[in-house]
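4 protein chains.
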Amino acid sequence: MDKSTRYKIFSDPVHGFISVPKGLILQLLDHPYVQRLRRIRQLGLGYMVFPGAEHSRFSHALGALGLMDRVLQNLKEKNTTISAAEYEATLAAILLHDIGHGPFSHTLEHNLIRDFNHEMMTKALMERLNVHFDGKLERAISIFTHNYPKKFLSQLVSSQLDIDRIDYLKRDSIMTGVSEGGIGIDRLLKTMRVFNNTIVLQKKGIYALENYIMARRLMYMQVYLHKTVLSADQLLRAIFSRVRTMFNDKKPPDFCTPALRFFLEQNLSAANGLTPEITEQYVRLDDADVITSIKNWRYDKDPVLCDLSRRFLDRDLGRTTYLPAEPDPQLQAKLKKETSRWLEKQGIPANEETISYFLHFGSSYTEAYKYQKDSIFIVDERKQPVEFSVAADAKHILALTEPVVKHYVVHPKELNLRL
Amino acid sequence: MDKSTRYKIFSDPVHGFISVPKGLILQLLDHPYVQRLRRIRQLGLGYMVFPGAEHSRFSHALGALGLMDRVLQNLKEKNTTISAAEYEATLAAILLHDIGHGPFSHTLEHNLIRDFNHEMMTKALMERLNVHFDGKLERAISIFTHNYPKKFLSQLVSSQLDIDRIDYLKRDSIMTGVSEGGIGIDRLLKTMRVFNNTIVLQKKGIYALENYIMARRLMYMQVYLHKTVLSADQLLRAIFSRVRTMFNDKKPPDFCTPALRFFLEQNLSAANGLTPEITEQYVRLDDADVITSIKNWRYDKDPVLCDLSRRFLDRDLGRTTYLPAEPDPQLQAKLKKETSRWLEKQGIPANEETISYFLHFGSSYTEAYKYQKDSIFIVDERKQPVEFSVAADAKHILALTEPVVKHYVVHPKELNLRL
Amino acid sequence: MDKSTRYKIFSDPVHGFISVPKGLILQLLDHPYVQRLRRIRQLGLGYMVFPGAEHSRFSHALGALGLMDRVLQNLKEKNTTISAAEYEATLAAILLHDIGHGPFSHTLEHNLIRDFNHEMMTKALMERLNVHFDGKLERAISIFTHNYPKKFLSQLVSSQLDIDRIDYLKRDSIMTGVSEGGIGIDRLLKTMRVFNNTIVLQKKGIYALENYIMARRLMYMQVYLHKTVLSADQLLRAIFSRVRTMFNDKKPPDFCTPALRFFLEQNLSAANGLTPEITEQYVRLDDADVITSIKNWRYDKDPVLCDLSRRFLDRDLGRTTYLPAEPDPQLQAKLKKETSRWLEKQGIPANEETISYFLHFGSSYTEAYKYQKDSIFIVDERKQPVEFSVAADAKHILALTEPVVKHYVVHPKELNLRL
Amino acid sequence: MDKSTRYKIFSDPVHGFISVPKGLILQLLDHPYVQRLRRIRQLGLGYMVFPGAEHSRFSHALGALGLMDRVLQNLKEKNTTISAAEYEATLAAILLHDIGHGPFSHTLEHNLIRDFNHEMMTKALMERLNVHFDGKLERAISIFTHNYPKKFLSQLVSSQLDIDRIDYLKRDSIMTGVSEGGIGIDRLLKTMRVFNNTIVLQKKGIYALENYIMARRLMYMQVYLHKTVLSADQLLRAIFSRVRTMFNDKKPPDFCTPALRFFLEQNLSAANGLTPEITEQYVRLDDADVITSIKNWRYDKDPVLCDLSRRFLDRDLGRTTYLPAEPDPQLQAKLKKETSRWLEKQGIPANEETISYFLHFGSSYTEAYKYQKDSIFIVDERKQPVEFSVAADAKHILALTEPVVKHYVVHPKELNLRL
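Going line by line, the protein sequences match chains F, A, G and L.
FYI, the numbering for the first sequence is 506 to 924, going by the numbering used here.
FYI, the numbering for the second sequence is 506 to 924, going by the numbering used here.
FYI, the numbering for the third sequence is 506 to 924, going by the numbering used here.
FYI, the numbering for the fourth sequence is 506 to 924, going by the numbering used here.
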């Protein structure tokens with residue numbers, strides 16, 4: 506058969522043409538679980554600051570699939586043994602690696618189900634798909650969960666230098682217009698190889714790696730932890746806290762989409778397991794539920810929900826101010842008092858709960874390069890692998906292993922806190 | 506005052522940094538009417554074929570604003586008199602030129618209000634904004650409606666060579682990954698000038714113009730009228746026809762978002778005017794209403810609505826087949842009969858209405874360059890303006906003025922029509 | 506052996522990484538005949554108008570090699586039988602396709618050897634290489650000269666839709682900054698296939714083809730036949746005419762590089778064959794000989810050579826004026842008279858010869874698409890191949906088959922000719 | 506007058522359109538001193554490793570001119586007072602900042618004139634231009650030499666964050682295809698401002714600055730100090746050492762271009778001043794002299810010159826091996842002995858001089874960020890300027906201030922040195 510007819514070709518703004526093999530991989534791509542990712546934005550509320558950041562998790566999954574195909578091809582050319590079944594399973598694992606994400610995932614996931622994270626759901630959904638596809642995802646699940654003997658395949662899916670990050674850094678950099686996040690994908694993919702069952706980088710890729718580490722740091726600083734993004738996240742969390750309180754108090758809002766209602770009416774905990782009913786309802790949820798609900802909550806009878814929703818829709822976001830250190834209880838008390846006074850002037854009852862919607866203490870944490878848990882190794886043609894910060898010819902790499910912690914407070918702009 | 510503080514800077518994946526003047530323009534950008542465009546995709550269902558086409562009408566409006574700023578600056582440098590008020594009004598006009606669009610506009614606008622088009626709504630909303638901003642949009646409306654004496658300002662907003670098209674061609678080309686739609690924006694903007702109160706192009710821009718005309722033709726052929734996009738459009742229209750029938754029959758679906766219900770419960774006609782109530786409900790509508798509703802209609806008791814919604818969400822789209830000519834009544838009757846038989850096998854009652862959801866006859870029409878109604882003129886330094894197809898040194902431009910009409914039929918893939 | 510070690514990787518500004526197979530192809534790339542192309546600019550004097558057009562014929566040869574590798578890979582995936590030997594031979598043919606070019610080739614080739622063109626020299630050099638490489642280029646020569654049974658391989662090297670043009674259009678467009686020349690390489694390469702021993706394009710590539718045809722037309726109009734490029738070409742030709750006259754008159758200039766002297770001292774004609782001595786001297790020639798000689802001719806005792814050389818080096822180029830038709834003898838005589846008078850004022854003896862250096866009548870000829878000699882065919886999955894202008898859905902393609910002829914005159918700016 | 510006619514527009518592959526003001530600036534651009542830069546490659550021998558690195562110093566000068574225009578415009582919008590005369594002078598200074606470069610400048614400048622560097626020549630040529638342009642370059646020279654009161658204008662021309670570097674990093678990154686060198690030009694230019702008469706960066710540009718510092722480091726590591734580039738440099742220096750020895754011994758090579766001969770016949774020292782005769786001969790020199798001469802030296806009677814020239818032209822470059830530390834005299838002696846033995850086998854007389862052509866000990870030195878001599882300052886809206894490594898929120902910046910020194914040895918590949 507003509508090999509060209511064995512692929513369906515997609516056009517991607519970041520990587521150009523992407524060939525998706527017909528058969529299992531294309532069936533997975535077309536499956537509602539994956540198609541649903543078209544309705545979930547990759548950067549959540551990032552578009553509120555970077556208008557172009559409107560791309561979905563689907564675009565990212567497709568892009569990562571295309572890159573995985575390239576890197577596996579490269580590794581095979583370097584005589585790494587990868588069977589056809591392993592090849593397909595690794596493609597499946599990367600394609601599905603994010604299907605457990607819900608709408609505005611990093612912001613909302615704890616508001617929907619307690620003690621939950623999206624990786625749990627990804628695994629639960631992969632298992633349901635495995636049943637649906639008659640066990641054909643066995644190996645993909647094993648790779649995804651790092652239980653497969655060929656450890657390097659799992660590392661390509663998730664590690665400190667994985668295909669997931671390579672795609673999202675490049676994609677997010679282009680879509681946000683933050684060129685500082687640009688990375689040299691070709692060089693990274695070309696210089697990866699397998700050594701002792703792990704992914705290592707050839708020496709000639711060391712500067713591409715340094716650039717990748719820096720780009721990730723800069724994207725965190727400029728985009729993912731942008732002050733206004735932090736503030737929008739906080740507002741969305743406040744809205745959902747309020748709604749949950751209302752549901753708990755048996756005074757639910759007038760409108761709520763059915764899929765969202767399922768999670769807000771109950772107090773689900775992941776500790777009790779992700780039942781088929783839960784996963785089934787979960788995959789009905791996407792950004793549209795959140796947006797549609799907030800649009801209607803703007804006209805809700807509850808003044809607090811109404812106010813918060815209006816702020817969200819009109820992009821009337823709070824101000825984020827960095828603090829030199831973690832705020833001590835005294836400072837916190839003082840600021841709460843100021844917020845309380847301001848709330849009352851607005852006609853909003855001031856209490857511990859409402860104050861928490863408008864005044865938020867947070868901290869961001871970034872680690873450019875973790876060298877203890879999940880090191881990246883460099884190999885020279887003759888030599889043993891050397892850990893990256895040792896192999897690099899400059900001390901700044903070691904300095905990058907120190908985490909950067911920043912404390913901040915988010916508050917309404919109208920409230921001129923004395924900080 | 507420091508001029509740099511008079512602008513807010515946005516980062517755009519297509520044009521890089523865009524400076525938005527504080528004051529009226531930034532206030533308009535932040536207004537809910539414009540912010541709502543973030544929730545309406547520029548290419549409607551185009552993302553179903555081109556996964557990267559997830560950009561919103563907001564991105565386009567912002568991009569067009571940035572380009573308008575550049576072209577007005579260029580024209581001023583060529584000694585065209587444009588007052589500060591006119592400058593601002595033209596920026597306002599381009600920023601607002603699409604606010605009347607509803608969700609999946611080209612597909613759905615007739616399903617919401619009879620005899621309606623989005624330009625009417627744009628005008629109605631601009632007038633409401635004018636009231637809100639104390640008459641400050643008077644001049645912008647006049648420019649938008651081609652009633653302003655300086656005709657060239659209106660042409661920049663809408664004509665055969667306008668800033669709207671220049672932005673969307675470039676943006677859609679990049680986001681879809683269809684490089685054939687690439688155009689030379691710099692050259693077009695640099696060579697525009699005003700002559701006899703109209704926008705003309707300097708001779709040295711003639712090849713950039715030829716490229717622009719061709720790029721537009723190729724984007725129509727490859728993207729806007731892509732067979733699968735036509736088919737997805739048809740499916741969405743079918744869904745809304747079915748829902749409207751259900752509302753008319755007083756058997757509405759179980760779920761419907763409030764904003765959508767407003768339009769489906771009534772049989773509004775634009776001929777009766779766009780009342781404040783109508784415009785108010787209209788601006789509550791966006792893609793999220795449509796998506797949320799269809800997601801719930803998938804589980805509706807009505808089997809036809811349920812089936813159509815499932816097809817939409819699972820991307821189980823019909824096949825589009827081009828016909829050599831407009832299908833004659835005999836052929837149409839034959840195909841309807843085949844469809845009718847197929848429907849009954851599916852357990853769907855076959856009648857004129859249901860057949861129309863699954864079998865659709867359509868035709869697409871494109872005119873690469875209209876030289877009679879809205880010619881583009883070229884000027885040499887010394888000479889009079891010459892119409893583009895005359896000024897160009899090749900006969901193919903004239904050939905491009907002939908419209909291209911293509912007839913097609915959309916039908917479910919399972920139904921192997923004998924065409 | 507590790508396949509990755511079988512390639513040497515080059516980094517290219519246009520196509521990114523290019524993998525060159527070690528063995529014959531890398532040996533050819535490293536051979537002095539090919540390395541010499543680094544010293545010959547791809548666009549000759551184009552850099553005088555487009556400052557970025559400084560790329561060499563070597564970059565183009567390398568880029569074309571990379572694209573050929575991709576298209577051959579694609580064709581093999583479509584089940585076209587291409588043996589390893591044929592694969593290598595086609596790579597060799599495209600790599601070597603331009604080695605016969607001399608410095609400023611299109612401008613100077615007739616000034617070095619009468620009745621000569623660079624294809625002759627390419628063939629002669631390929632034959633010398635074949636001897637050097639023990640007959641290993643037999644098949645490559647056969648493909649290059651269109652004598653190989655698999656005609657489609659020759660078409661990839663030279664035809665109306667060949668890898669040569671695809672690389673140079675893209676490269677020249679990027680380097681000149683003329684975005685109108687941009688083409689969709691991926692789509693063209695992906696949709697090529699072999700049918701009846703010829704290269705055809707699949708239907709879904711038809712708009713990429715239309716764009717390619719248009720881009721080529723626009724590059725001719727904007728770059729290759731740019732008025733100032735025509736004028737610079739004419740000046741360089743005048744310089745060499747003058748030098749040849751001086752050599753013929755046994756009054757050669759004081760300085761001349763040895764390789765150039767070889768060709769100027771003799772009156773070689775290609776009709777007498779390209780002897781080993783001729784080819785040997787020819788490969789010693791490159792842009793540096795021309796530039797070094799003209800730099801020294803600027804100080805030559807011959808006032809005409811000195812004047813022309815100064816104009817060249819200081820970029821004091823003549824003006825090109827388009828004429829509505831071919832100038833009749835009367836007009837020509839009149840302009841010659843004006844030029845003659847102007848020359849005498851400059852202290853330059855005016856005669857038929859000197860006038861020809863300063864006043865030049867020329868015409869440019871472009872054919873966007875030749876549909877008679879060398880048609881491009883489109884195939885649908887089921888159908889027979891259809892010639893492109895018939896397959897296309899618009900009449901402008903047919904119009905593009907008509908050649909565009911433009912007549913012009915080049916003259917010094919100081920000479921205000923009454924045209 | 507129409508402002509658009511006051512500019513000549515150039516098209517650049519890196520920055521798009523560049524507007525050059527007519528008058529002094531365009532006259533300078535057209536002057537032979539600047540036009541000569543078209544014949545000197547920006548990266549010297551870099552093209553031997555990165556085939557696309559064929560761009561000239563002219564392209565860089567033009568690009569830097571365009572960026573300077575943008576940054577001066579931005580500064581004016583931030584209320585920095587820059588008079589029209591200062592504006593023009595700063596443009597002139599950046600346009601001319603490299604005119605003193607000779608062919609393969611960093612490699613050869615010491616071989617042409619002792620105790621010389623290109624900055625001296627730039628200054629000498631600017632002074633000659635100043636005479637030619639009736640003193641109109643007075644202010645530009647003052648800015649170039651850091652003697653102008655508005656210190657910030659000089660900093661834009663040369664400092665650790667200057668327009669020169671911003672252009673060349675971006676340009677070299679694109680042309681070499683080394684994407685790791687990409688920088689965010691727009692953000693850097695937009696966030697520059699003047700504070701206390703110096704250029705500082707606004708806080709929101711701090712990550713763009715971090716990226717710029719890293720990009721520079723990575724370009725040094727990957728391109729400017731690439732092992733093969735170091736080796737090619739060494740070979741070119743060896744050729745010129747040999748030729749100079751031959752001239753000193755009164756046995757000059759058979760061929761030498763006149764401009765080169767001028768410098769090789771004499772033993773000029775910059776200490777004796779750059780006389781008009783020297784500068785006049787210097788501006789006749791460019792890459793073409795070097796290339797033409799080496800091409801003829803390949804056939805010279807001197808076997809050493811002949812061998813070295815052949816290696817250069819055939820790209821038969823030595824191998825560069827990094828050493829763990831500076832080689833001690835013992836190791837040096839051992840390697841020289843091995844080289845000596847190898848040379849004699851080649852039939853080349855082995856002595857201190859010839860050994861030095863084939864065996865070279867060198868060291869490279871890079872400092873990513875110098876924080877003592879030439880700090881970069883960051884300002885917050887309210888605060889005092891803070892030095893970059895202090896303002897940055899991570900320790901790796903401080904680590905970047907430590908220089909990286911690497912020792913290496915270059916030797917012919919055939920000579921398997923035991924290192």
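It cannot be assumed that every hint is accurate.
To be verified - Heads up, simulated DSS-like pairs for lysine-lysine below, C-alpha to C-alpha not over 27 Å straight-line:
| hint | chain 1 | residue 1 | chain 2 | residue 2 |
| --- | --- | --- | --- | --- |
| 1 | A | K513 | F | K918 |
| 2 | L | K850 | L | K806 |
| 3 | A | K708 | F | K527 |
| 4 | G | K841 | G | K583 |
| 5 | G | K732 | L | K708 |
| 6 | F | K513 | G | K709 |
| 7 | L | K583 | F | K732 |
| 8 | F | K583 | L | K841 |
| 9 | A | K581 | A | K641 |
| 10 | L | K709 | A | K709 |
| 11 | G | K732 | A | K709 |
| 12 | A | K911 | A | K900 |
| 13 | A | K806 | A | K918 |
| 14 | G | K875 | G | K656 |
| 15 | G | K513 | L | K850 |
| 16 | G | K527 | F | K583 |
| 17 | F | K583 | F | K732 |
| 18 | G | K708 | A | K732 |
| 19 | F | K732 | L | K513 |
| 20 | G | K527 | A | K911 |
| 21 | L | K842 | L | K900 |
| 22 | G | K918 | G | K732 |
| 23 | F | K655 | F | K583 |
| 24 | A | K513 | L | K583 |
| 25 | F | K628 | F | K875 |
If you are wondering where the hints come from, they were derived from the structure by calculation, not from laboratory data.
Q) What are the numbers of the hints that this structure violates, sorted from low to high? A) The structure conflicts with hints 3, 4, 5, 8, 10, 15, 17, 19, 20 and 21, although it agrees with all the remaining ones.
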